[in-house]
Every structure is written in C-alpha cells, then in structure tokens.
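**Student:** Going down the list, the sequences are from chains E and H.
Under the numbering used here, the first residue of the first sequence carries the number 1, and numbering increases by one thereafter.
Under the numbering used here, the first residue of the second sequence carries the number 1001, and numbering increases by one thereafter.
Worth flagging that the hints you see were computed from the coordinates, not collected in a lab.
None of the hints are false.
For lysine-lysine, the following DSSO-like pairs were computed, each having C-alpha atoms within a straight-line distance of at most 27 Å: (1) Lys29(E) to Lys1085(H); (2) Lys1173(H) to Lys1139(H); (3) Lys85(E) to Lys1170(H); (4) Lys1134(H) to Lys85(E); (5) Lys29(E) to Lys1089(H); (6) Lys1173(H) to Lys85(E); (7) Lys1085(H) to Lys1054(H); (8) Lys1169(H) to Lys85(E); (9) Lys1159(H) to Lys1039(H); (10) Lys1085(H) to Lys1121(H); (11) Lys1089(H) to Lys1121(H); (12) Lys1054(H) to Lys1159(H).
Computed footprint of chain H on chain E, listed as stretches where at least three residues anywhere in the stretch have a Cβ under 8 Å from a Cβ of chain H: (13) 29 to 43; (14) 49 to 55; (15) 59 to 70; (16) 77 to 86.
Where is the CB? At the ideal position from N, CA and C, for every residue including glycine.
Residues per chain, in single letters:
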Amino acid sequence: MRMSKKLHYSLIEWRAYRDNLVDDNESEKMQNHLLGCDECMENYLTLMEAFEETAQHSPVLDGFTERVMEIIYEENRYERAFRLKNARARLITYYVSAACVTLLLVSSGVFTLMFNGFAKFDTQISMVSSRTESIFTSGWTDKLVDSTSEILNISQKK
Amino acid sequence: MDSEELIIKNVLRGDDEAFRHIVEKYQGLVFSICLNTLKNHYDAENAAQETFLKAYRSLYQYNGRSFKSWIGRIATSCAIDLYRKMKAKSQEIQFDEGLEIRDSLQTTVQDIIIEREDREKVSHLYRSLPGIYKSVVEKYYIEGMSYQNIALDENISIKTVESRLYRAKKLLKERWDEDE
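Next comes chain E alone, as it looks inside the complex:
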C-alpha cells in the first residue's frame, strides 16, 4: 500500500482506511496525503457520506447543536468585547501620543519659530499685492471695455 507522493490512493484503500483496516503508520501517511490531495479528499468524503447515510445509529451526542450554538453566541460576544476593548486602548494611545507630540513641539519652540516664519511670509505677500495694485492702478478692465466699445462703434458706422 506504500505509495509515492505523486500517486493517489485507490477507493479500495480509502475504504480500508475508513473501516480501520490499515495500521497506525499507514493511516498517518494516508492522512498526510489526504490533506494535500483534492482527488483523494473527494473519494474519502464520498465514502464517508455513504457511511453516514447507511449508519444505523447517529454518532452525534445529544444536545450537540445547542452546545455549538452556545459557543458561537458566547465567543462572538467575547470577540466583540475584546475588539472593542482593543479599539478603545488604541484610541487612548493615539490621543496620548498626539498630546505628547504637541507638548514636545510647544516646549521646544517649534511653534514659535513657525509663527515667526508665517508672519514674515505674510509681510512679503502684502508687499507683493501692493506692488500689483500699483501696476494696475490705471484700471485695465475699464480700458478693455472702452476699447471694445470703440471697435463696435467703428464697425456700426461702416
């Protein structure tokens, strides 16, 4: 029954495995193969389905569904609470870090430096805008309107 890795176990061999007719060593080899081989998994599941359908007694213990549902409800609640707790802890860490960085920047004078830099920049902008105003003091929009009207008048006379 020893097989190379590339080959598959036959349906008869899987039946023997299902019916506990193979020794422990071989059984473990077949299990290892089963987890990595889709074709053998399909064969094994087909045999297990047939086995389950023809079984005279259900192997399931009483109250199984209730126990599974209890686990699902309880562990869902637990997971949600755990996630919420983690999210809160992350939020607190975030705010504390932000506060620490702000305090550090204030104490090291970075904000003062930035403020002084902005003030200087503001002065430069105001200088540029006053220069621009002096260039356009003659009212270039008025000039444009006047010249357009003149052109229209000439064309109408013609």
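Given chain E, put chain H in place with the hints provided.
**Tutor:** Only chain H this time, still in chain E's reference frame:
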C-alpha cells in the same frame, strides 16, 4: 435560490440563528468524519465543534459549490489536526516524565520568577474569559468540583461542562500564544 443558499446568506447578514440549520443538517457527516479519525466520542465532539466554529467564521470564503464537500474538508482537517496534537502531547508527556526528577533538583530563582509571571498571566487571561466558561473553570480547577456536581450546580448536561472546559482551555491557549 435554494434554501441552503438562503440560509448561508442570512448567516452572512448577521443572523446567527440561521446557522443552527447548517449544524443540524451536517452534524451527522461531520461527526462521522471526526469519529473515524479520532476513534472516541469525546475527541470527536471537540473536533466537530471546532469544525462548525471554523465553518461559521470562514463562511464568507465559501465558494458556492458543494457545501457538503466544503464542510467535509474542514471536518477532515480539524480531526487530523486534533489527532496530531494529541499524539504530540502524549509524546511530550512521556519525554517530560523522564526529565522530571532531574528538573526538580535544578529549580533556580529564574524558574520561580518565570512561574510567578506565568501565574499572573494565566490569572489575567482567566479574568478575560467569557462568563459561562469562567464559572466552569473556577468550579473545576479552583473548587475541585466534579463534572457531575458542576452540571447539577449550573443546571447543564455533563457534556456541556466538558465542552465549556475544552473551549475555555482552547481560548486560554490562543490568547496565551497571541501574547507570547
């Protein structure tokens, strides 16, 4: 859309109760697979519970083909996983027993500190367990009550006591590994 597809969609929309239909429909197959690998009802039940929990948590990954085959694969892998873990554990116990006498003579201050830290960690993890598990763990490990007495005290079946203890230990181990 057939009823099974509808059930799956409802579970994915957050209706946990709909999952009950899936458990009822496939428990026979799942249990048969687990029992076939593990050879005893106690371990088969634990593997079968794990299968349904895994199926519930990864339902969004289900590709819409044969659900029977999908859950059958999960059951096979859960049962084989548990079988391997149990085998590794029994080998570990045999190895530990051989070293027990030698270790008892070599307990250092470091060992004591590690043990104390481990106890604190276990105690912290225990406090974070879901209520129903915490109560069973306390009664079994701290008060030393039997399964039967816990079942009477909590008004549940002995199987439920076993199941809660198993899940509690599993959760503790998962949390422990996450912290490591």
